[in-house]
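Top to bottom, those sequences are chains D and X.
Throughout the first sequence, residue numbering follows the working numbering, covering 1 to 499 in sequence.
Throughout the second sequence, residue numbering follows the working numbering, covering 1 to 166 in sequence.
Since the hints were derived computationally from the structure, they do not count as laboratory data.
Just so you know, even glycine gets a beta-carbon here, dropped at the ideal spot from N, CA and C.
Don't take every hint at face value.
Heads up, simulated DSSO-like pairs for lysine-lysine below, C-alpha to C-alpha not over 30 Å straight-line [unchecked claim]:
| id | chain 1 | residue 1 | chain 2 | residue 2 |
| --- | --- | --- | --- | --- |
| 1 | D | LYS245 | X | LYS153 |
| 2 | D | LYS245 | D | LYS125 |
| 3 | D | LYS226 | D | LYS125 |
| 4 | X | LYS131 | X | LYS108 |
| 5 | X | LYS131 | D | LYS453 |
| 6 | X | LYS153 | D | LYS453 |
| 7 | X | LYS108 | D | LYS453 |
| 8 | X | LYS131 | X | LYS153 |
| 9 | X | LYS108 | X | LYS153 |
| 10 | D | LYS245 | D | LYS453 |
| 11 | X | LYS153 | X | LYS4 |
| 12 | D | LYS245 | X | LYS131 |
| 13 | D | LYS226 | D | LYS13 |
Quick partial rundown of chain D residues pointing at chain X, CB under 10 Å, derived from the structure [as the list claims (entries may be wrong)]:
| id | residue |
| --- | --- |
| 14 | PHE356 |
| 15 | ALA413 |
| 16 | ALA473 |
| 17 | LEU485 |
Looking from chain D toward chain X, a few residues come up when the C-beta cut is under 10 Å (computed) [said to hold, decoys possible]:
| id | residue |
| --- | --- |
| 18 | ALA388 |
| 19 | ILE412 |
| 20 | ILE427 |
| 21 | ARG478 |
| 22 | ASP479 |
Chain by chain, the residues:
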Amino acid sequence: MMTAPDDTQPFRKVLIANRGEIACRIIRTLREMGIASVAIHHPVEARARHVREADETVEISGETPVAAHLDSGQIIAAARAVGADAIHPGYGFLSENARFACAVSEAGLTFIGPDADTIALMGDKISARQFAADHGVPVAPSVMPTEDLAEFTRQATEIGFPLLIKAAAGGGGKGMSIVRSAEELEGAARLAASEAQRYFGDGRVYAELFVERPRHIEVQVFGDGKGSAIHLFERECSVQRRFQKIIEEAPAANLPAALRDEICASAVRLAAASNYRNAGTVEYILGADGRFFFLEMNTRLQVEHPVTEMIIGLDLVRMQIEIAAGSDLPITQDAVAANGHAIECRICAEDPERDFLPETGTILHLDAPQAAYLRFENALDRGQRVTADFDPMLAKLVAHGPDRAVATERAIAALHELALLGIKTNIDYLARVLGHPAFAAGELHTGFVVQHKAELTAGEPDEATRDTVLIAAALGLRDFRDLILGVPEPHASIGHWRN
Amino acid sequence: MVLKLDLDGTVHTITILARRPHLVLSVDGRRHVVEGLDEVGDGSRALTLDGGPVAFARAGSADGAIIRLDGRSFALRRVDAAAEASAAGGGANVVRAPMPGTVVVVHKRVGDSVQRGETIVTIESMKLQMKLDAPRDGEIAEIAAREGEGFDKDAVLARLAAPAEG
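Start from the sequences, fold in the hints, and give me the full structure.
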């Protein structure tokens with residue numbers, strides 16, 4: 001048995017090759033497990049929360065902070081220097097870098113994640129798709145690139161409509177079209193081929209089944225690296241902007257039980273077939289007709305893992321650490337039960353009114369609501385500068401409830417209460433999304449934000465609101481206030497207070 | 001004392017009508033009674049306005065304040081006499097680059113009349129395309145942007161003709 005005895009720690013010291021909220025979240029679990037934590041940081045983030053909360057810190061250097069966090073050699077050297085036995089990569093940065101995982105093992109340390117060859121297999125879109133198809137995981141039917149238009153048309157007709165046709169060498173929407181009937185097919189294929197030739201010097205065209213109003217459904221899996229795997233149910237992440245998730249929930253809304261079982265079972269099949277070790281997420285697109293297709297597998301902890309934790313009642317980071325240390329899966333599939341509903345909102349420094357363009361600024365005031373059913377995952381400090389150095393995601397607000405309606409209500413109330421002032425964020429926008437009737441009805445698809453753009457735009461405040469805001473602002477200005485309170489003139493002029 | 005605050009591009013005027021027995025303020029000519037004067041500075045605050053309780057959060061910024069009320073945040077900028085004077089020749093009349101980038105499309109020409117929110121130029125910054133809109137209704141006085149050309153942050157890309165009054 002590889003299982004670590006209950007009274008010993010799986011590791012003595014773990015280095016976290018990440019920053020921000022996810023580093024703080026990993027530190028929390030390490031502390032609960034009695035394992036020492038090591039944070040890494042670039043000089044510009046020397047006073048960041050994750051640095052203050054860790055037991056030990058190592059400064060890493062680089063031309064940019066991101067470059068430092070991607071410097072695997074430096075990070076592994078730091079881990080060895082402080083005597084860490086394992087590295088947790090978090091998400092992003094080096095978390096899905098097979099060479100990093102390999103280098104960590106070669107340095108005699110444990111990589112808290114899948115084996116390097118699994119990361120490599122799933123990291124390549126073509127090999128991952130082929131592996132999924134070989135193991136009975138549905139992939140979107142497609143016609144492989146060809147220049148033979150007659151053969152292309154024959155194969156494409158077999159798949160059915162609507163079809164997405166694009167240049168094999170393409171990108172940027174050039175030579176791309178959606179074909180809805182056999183009559184349009186030949187003309188569209190001819191056009192795509194000529195556009196492909198013109199733009200890319202390669203006339204081959206490719207076609208795949210086009211899923212209209214697709215939903216993004218993903219399944220959390222865990223494997224022990226020995227062929228056993230379980231799922232922890234699905235998450236729905238259909239609400240996206242700029243192809244990035246902004247609201248995630250578990251379980252998915254209005255998903256028939258039989259379909260849920262089928263999707264989850266196929267994810268487990270994929271994990272088991274690859275002898276998957278540790279945490280992974282199998283992503284699918286789901287069409288309105290109930291057909292679902294493999295999108296990709298993420299070989300790491302997801303940003304949105306808290307929604308799963310809140311309905312399952314398990315700490316996924318703890319599971320990752322224990323499995324990395326050689327433990328068996330801590331729970332059998334039959335024992336995994338979902339309780340209630342959880343919704344996560346990604347709070348980003350961006351301007352929803354300006355196409356979600358990233359914003360920078362200084363956090364002047366932060367006041368987050370607290371409740372047993374809420375998690376506010378963040379590494380924010382008052383006075384902190386939010387720069388363009390890192391991703392614009394500032395924090396995650398996660399709400400749990402006995403059902404979807406209550407979880408939604410709680411998330412909206414929490415967003416209303418959350419005061420994060422000094423930088424433009426999407427907080428108010430997220431509340432409008434959650435309050436939209438189509439969200440409440442569970443009518444989700446990846447084009448939700450675009451479809452409902454008009455209703456999701458902030459309306460003009462009414463006169464009463466505007467006057468209240470103006471008065472609230474005026475009363476905070478020192479000189480205006482001094483005038484009201486009748487402070488004698490010399491004092492008033494000394495205190496020409498602007499901050 | 002007359003206090004002027006800019007909210008979403010519109011300047012509002014606040015004056016003190018009476019201090020006792022209650023504070024009475026005028027906002028653009030509308031009368032409001034303020035009781036239970038809140039604390040100065042950042043944080044969660046409360047006061048009584050026209051007899052009803054109001055709870056909000058406030059943070060003072062370099063040149064104004066940010067107020068969060070009923071789940072919405074509002075950024076207010078103080079307009080002093082000097083700033084107002086310069087605004088007459090700039091301020092709400094100019095379209096500035098929010099970050100360095102390249103001009104992709106110029107949608108308007110000098111002399112075109114535009115409505116607030118209408119796109120004047122499309123730029124590309126950090127691989128993202130972004131539309132820069134007219135800050136108010138008006139007429140285009142100058143287009144400094146040329147398609148394909150680069151610019152720095154805060155560069156003036158277009159200018160609106162000064163409004164007929166104030």
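Here is how each hint holds up against the structure:
1. Pair hint LYS245 of chain D plus LYS153 of chain X holds up; C-alpha atoms about 29 Å apart against a cutoff of 30 Å.
2. At roughly 20 Å between alpha-carbon atoms, LYS245 of chain D and LYS125 of chain D fall within 30 Å of each other, so this suggested pair holds.
3. Pair hint LYS226 of chain D plus LYS125 of chain D holds up; C-alpha atoms about 24 Å apart against a cutoff of 30 Å.
4. Proximity of LYS131 of chain X to LYS108 of chain X is assessed by CA-CA distance (about 12 Å); at most 30 Å being required, the pair is judged to hold.
5. As the CA atoms of LYS131 of chain X and LYS453 of chain D are separated by approximately 16 Å, the hinted pair is consistent with the 30 Å bound.
6. Of the supplied pair hints, the one linking LYS153 of chain X and LYS453 of chain D holds, its CA atoms being roughly 28 Å apart against a limit of 30 Å.
7. For the hint pairing LYS108 of chain X with LYS453 of chain D, the CA-to-CA distance comes to about 24 Å; that is within 30 Å, so the pair holds.
8. With a CA separation close to 15 Å, the supplied pair LYS131 of chain X and LYS153 of chain X stays within the 30 Å bound.
9. With a CA separation close to 21 Å, the supplied pair LYS108 of chain X and LYS153 of chain X stays within the 30 Å bound.
10. A C-alpha spacing of about 16 Å is found between LYS245 of chain D and LYS453 of chain D, which places the hinted pair at or below 30 Å, so the restraint holds.
11. Taking the CA atoms of LYS153 of chain X and LYS4 of chain X, the gap is about 27 Å. The hint holds against a cut of 30 Å.
12. Between LYS245 of chain D and LYS131 of chain X the alpha-carbon distance is near 23 Å, which keeps this suggested pair within the 30 Å criterion.
13. Only pairs whose Cα atoms come within 30 Å are accepted, and LYS226 of chain D paired with LYS13 of chain D is accepted, the gap being roughly 25 Å.
14. With its C-beta approaching chain X no nearer than about 9 Å, PHE356 of chain D sits inside the 10 Å limit, and its interface hint holds.
15. At its closest, the beta carbon of ALA413 of chain D sits 9 Å from a beta carbon of chain X; the interface hint therefore holds under the 10 Å criterion.
16. The interface hint given for ALA473 of chain D is met, as the beta carbon of that residue sits about 4 Å from the closest beta carbon of chain X, less than 10 Å.
17. Interface restraint check for LEU485 of chain D: the shortest CB-CB distance to chain X comes to about 8 Å, inside 10 Å, so the restraint holds.
18. For the restraint placing ALA388 of chain D at the interface with chain X, the shortest Cβ-Cβ distance is roughly 7 Å, inside the 10 Å limit, so the hint holds.
19. Among the interface hints, the one on ILE412 of chain D holds; its C-beta lies about 8 Å from the nearest C-beta in chain X, closer than the 10 Å criterion.
20. Given hint, ILE427 of chain D at the interface with chain X, holds; its Cβ is 7 Å from that chain's nearest Cβ, closer than 10 Å.
21. Look at ARG478 of chain D: its Cβ gets to within about 6 Å of chain X, closer than 10 Å, so that hint holds up.
22. Here the hint on ASP479 of chain D is kept, as its CB sits about 8 Å from the closest CB of chain X, short of 10 Å.
In terms of the numbered hints stated before, the structure departs from none.
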